[in-house]
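Read off the chains here:
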Amino acid sequence: MSDSKDLLRAPFELAYNYKRSSGPVMSKFFEALGQQKILGTKSTAGKVFSPAAEFDPETNEPLKEMVEVGPGGVVESFSWIENPQHHHLIKEPFAFALIKLDGADTSMLHMVGQCKEADLSIGSRVKANWSEIQEQRITDIKFFTIEK
Amino acid sequence: MIQAGVIGVGQTKYDAKRRDVSMAGLVREAIDNAMLAANLEWDAIDAVILGKAPDMFEGVIMPELYLADAIGAVGKPVLRVHTAGSVGGSTAVIAASHICSGQFKTVLTVTFEKQSESNATWALSPRYPYSPHINAGAGGYFAPFIREYIRRYEAPEHIGWKVAAKDRQNALKNPLAHLHIPGIDEKMVSDTPMLWEPLRYLESCPSSDGACAMVITAQDQVGSRNVAWIKGMAVRSEGTLSAGRDEVNPQAGIDCAKDIYNQAGIQNPFNEIDCAEIYVPFSWYEPMWLENLGFCDLGEGWKLTDKDATAIDGELPFNMSGGVLSSNPIGASGMIRFGEAALQVMGLAEDHQVEDAKVAMGHAYGGAAQFFAMWIVSSSLD
Numbered sequence: 001m002s003d004s005k006d007l008l009r010a011p012f013e014l015a016y017n018y019k020r021s022s023g024p025v026m027s028k029f030f031e032a033l034g035q036q037k038i039l040g041t042k043s044t045a046g047k048v049f050s051p052a053a054e055f056d057p058e059t060n061e062p063l064k065e066m067v068e069v070g071p072g073g074v075v076e077s078f079s080w081i082e083n084p085q086h087h088h089l090i091k092e093p094f095a096f097a098l099i100k101l102d103g104a105d106t107s108m109l110h111m112v113g114q115c116k117e118a119d120l121s122i123g124s125r126v127k128a129n130w131s132e133i134q135e136q137r138i139t140d141i142k143f144f145t146i147e148k
Numbered sequence: 001m002i003q004a005g006v007i008g009v010g011q012t013k014y015d016a017k018r019r020d021v022s023m024a025g026l027v028r029e030a031i032d033n034a035m036l037a038a039n040l041e042w043d044a045i046d047a048v049i050l051g052k053a054p055d056m057f058e059g060v061i062m063p064e065l066y067l068a069d070a071i072g073a074v075g076k077p078v079l080r081v082h083t084a085g086s087v088g089g090s091t092a093v094i095a096a097s098h099i100c101s102g103q104f105k106t107v108l109t110v111t112f113e114k115q116s117e118s119n120a121t122w123a124l125s126p127r128y129p130y131s132p133h134i135n136a137g138a139g140g141y142f143a144p145f146i147r148e149y150i151r152r153y154e155a156p157e158h159i160g161w162k163v164a165a166k167d168r169q170n171a172l173k174n175p176l177a178h179l180h181i182p183g184i185d186e187k188m189v190s191d192t193p194m195l196w197e198p199l200r201y202l203e204s205c206p207s208s209d210g211a212c213a214m215v216i217t218a219q220d221q222v223g224s225r226n227v228a229w230i231k232g233m234a235v236r237s238e239g240t241l242s243a244g245r246d247e248v249n250p251q252a253g254i255d256c257a258k259d260i261y262n263q264a265g266i267q268n269p270f271n272e273i274d275c276a277e278i279y280v281p282f283s284w285y286e287p288m289w290l291e292n293l294g295f296c297d298l299g300e301g302w303k304l305t306d307k308d309a310t311a312i313d314g315e316l317p318f319n320m321s322g323g324v325l326s327s328n329p330i331g332a333s334g335m336i337r338f339g340e341a342a343l344q345v346m347g348l349a350e351d352h353q354v355e356d357a358k359v360a361m362g363h364a365y366g367g368a369a370q371f372f373a374m375w376i377v378s379s380s381l382d
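Line order of the protein sequences matches chains D and R.
All residue numbers for the first sequence refer to the working numbering, where the first residue is 1 and numbers rise by one.
All residue numbers for the second sequence refer to the working numbering, where the first residue is 1 and numbers rise by one.
The hints are simulated quantities; they were obtained by calculation from the structure and are not laboratory data.
Some hints here could point you the wrong way.
Listed below are the simulated DSS-like cross-link pairs for lysine-lysine, each with C-alpha atoms no more than 30 Å apart in a straight line [unchecked claim]:
{"hint": "1", "chain 1": "R", "residue 1": "76", "chain 2": "R", "residue 2": "105"}
{"hint": "2", "chain 1": "D", "residue 1": "148", "chain 2": "D", "residue 2": "37"}
{"hint": "3", "chain 1": "D", "residue 1": "142", "chain 2": "D", "residue 2": "100"}
{"hint": "4", "chain 1": "R", "residue 1": "13", "chain 2": "D", "residue 2": "28"}
{"hint": "5", "chain 1": "D", "residue 1": "64", "chain 2": "R", "residue 2": "76"}
{"hint": "6", "chain 1": "D", "residue 1": "142", "chain 2": "D", "residue 2": "47"}
{"hint": "7", "chain 1": "R", "residue 1": "307", "chain 2": "R", "residue 2": "105"}
{"hint": "8", "chain 1": "R", "residue 1": "13", "chain 2": "D", "residue 2": "64"}
{"hint": "9", "chain 1": "D", "residue 1": "19", "chain 2": "D", "residue 2": "148"}
{"hint": "10", "chain 1": "R", "residue 1": "173", "chain 2": "R", "residue 2": "187"}
{"hint": "11", "chain 1": "D", "residue 1": "64", "chain 2": "D", "residue 2": "116"}
{"hint": "12", "chain 1": "R", "residue 1": "307", "chain 2": "R", "residue 2": "258"}
{"hint": "13", "chain 1": "D", "residue 1": "64", "chain 2": "D", "residue 2": "100"}
{"hint": "14", "chain 1": "D", "residue 1": "127", "chain 2": "D", "residue 2": "47"}
{"hint": "15", "chain 1": "R", "residue 1": "17", "chain 2": "R", "residue 2": "187"}
{"hint": "16", "chain 1": "R", "residue 1": "358", "chain 2": "R", "residue 2": "303"}
{"hint": "17", "chain 1": "D", "residue 1": "47", "chain 2": "D", "residue 2": "28"}
{"hint": "18", "chain 1": "D", "residue 1": "19", "chain 2": "R", "residue 2": "13"}
{"hint": "19", "chain 1": "R", "residue 1": "173", "chain 2": "R", "residue 2": "13"}
{"hint": "20", "chain 1": "R", "residue 1": "17", "chain 2": "D", "residue 2": "64"}
{"hint": "21", "chain 1": "R", "residue 1": "17", "chain 2": "D", "residue 2": "19"}
{"hint": "22", "chain 1": "D", "residue 1": "47", "chain 2": "R", "residue 2": "307"}
{"hint": "23", "chain 1": "R", "residue 1": "173", "chain 2": "R", "residue 2": "307"}
{"hint": "24", "chain 1": "D", "residue 1": "100", "chain 2": "R", "residue 2": "76"}
{"hint": "25", "chain 1": "D", "residue 1": "37", "chain 2": "D", "residue 2": "100"}
{"hint": "26", "chain 1": "R", "residue 1": "187", "chain 2": "D", "residue 2": "28"}
{"hint": "27", "chain 1": "D", "residue 1": "91", "chain 2": "D", "residue 2": "47"}
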């Protein structure tokens, strides 16, 4: 094998600036996050989707009715991250979790922080903690913590 | 063989920026219109076939998964089609093939592009290491082919202006078209800046947001519905850089057209086809495709354009809807051609309807003019 140090390498950074139009339904969901509120969409059958869904995957109906859910909820499943990497938003050990917010019928993927692995279990009650700066993004919820 | 027919065509309003809707909302707008036209409920749909141009254009990889809720595909077979600019056409052909296979009774097919979410020209020309930065985009790529066409057949420069003005005049009759340019004429086109010689600004397609959907069904499912029967359909490709390739008159285009004429029993396409929606993103592709598709001999295409044969009231109207020159949501642009051809034979093209259109052709091309998709639709099954 040749010494790879002698072979040419060049950086190739593939980057484009995309701009998302989030549409009338998801815009309300993101605007509400900016006001420290979590919304869901409610179907005619009464099912509440949060994060908001634009269309019901079962009936295909467009979902327009917005309802407030959370900020508390229940952990439905989680994956513990003992050694966060540079790209993780939380630098201390934390969990990625599926959280069913109070009033919702679907679960939201987010993070649970400021706890030990042993303290967290399926069924744990958690509550949204808000970021210092609101940017109308899902990261406006900084993470969830176990409800005392 | 099982006969397939189009029973619903749905389109969005085309515009430079459809900021009022998400990508999901955009595709759904077209689907809702197609389902309404077909007078069908969701449970009648057996499969969903989605097409669009490169995922880089919006930065959503495999959007058919993200869009599953919006396109009603949850729990149903889904197929994604991707053949560059011709994708709208090949998606329609593949959707119809599902019906002809006998395995599906009714399929929904949808294509879209939301160009406002990025910049297609730059997505096509990344700055690769060790290579000159082409920065070309489609216009710069096709301009040399067009110059060669002009050289071969000594075509006068006003032909390009004429096509550009004619298609935009047709667009004024189509409320969904992106470009509505009041008073558009050859002089206005010829006064615009040169972008890629010989193409001027108004000889180039716009960059649009939009979606087009169709419902295609089997003969035994149509009931009393208005149907555009698919009499012939085909796709063909050739190597971008294969030796001996004629970029001006690609063999794949010639072969694809011959195939659909044979299927449809058409001997003389110029006489037997009432109107056509042909993929003309740059003005000069009208005369080039007139020849490539066998509507006339080589070198005669620009003469047909010059004597108004392709005008909406001409012998062979081309792009009654305004064509790609008036609306270009890339991934959908081919399907718009196929859907508009269907609308013509269904008699539903409203202000841009060609009188007594019974047989129409839809055409799409893509990549470096090496992907082709075409179909012939008819108002009668026989």
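Hints, one by one, checked against the model:
no., hint, verdict
1, R:76 / R:105, "13 Å, holds"
2, D:148 / D:37, "20 Å, holds"
3, D:142 / D:100, "17 Å, holds"
4, R:13 / D:28, "23 Å, holds"
5, D:64 / R:76, "24 Å, holds"
6, D:142 / D:47, "26 Å, holds"
7, R:307 / R:105, "44 Å, violated"
8, R:13 / D:64, "21 Å, holds"
9, D:19 / D:148, "40 Å, violated"
10, R:173 / R:187, "20 Å, holds"
11, D:64 / D:116, "39 Å, violated"
12, R:307 / R:258, "25 Å, holds"
13, D:64 / D:100, "20 Å, holds"
14, D:127 / D:47, "22 Å, holds"
15, R:17 / R:187, "28 Å, holds"
16, R:358 / R:303, "25 Å, holds"
17, D:47 / D:28, "18 Å, holds"
18, D:19 / R:13, "20 Å, holds"
19, R:173 / R:13, "14 Å, holds"
20, R:17 / D:64, "23 Å, holds"
21, R:17 / D:19, "11 Å, holds"
22, D:47 / R:307, "62 Å, violated"
23, R:173 / R:307, "21 Å, holds"
24, D:100 / R:76, "27 Å, holds"
25, D:37 / D:100, "15 Å, holds"
26, R:187 / D:28, "47 Å, violated"
27, D:91 / D:47, "36 Å, violated"
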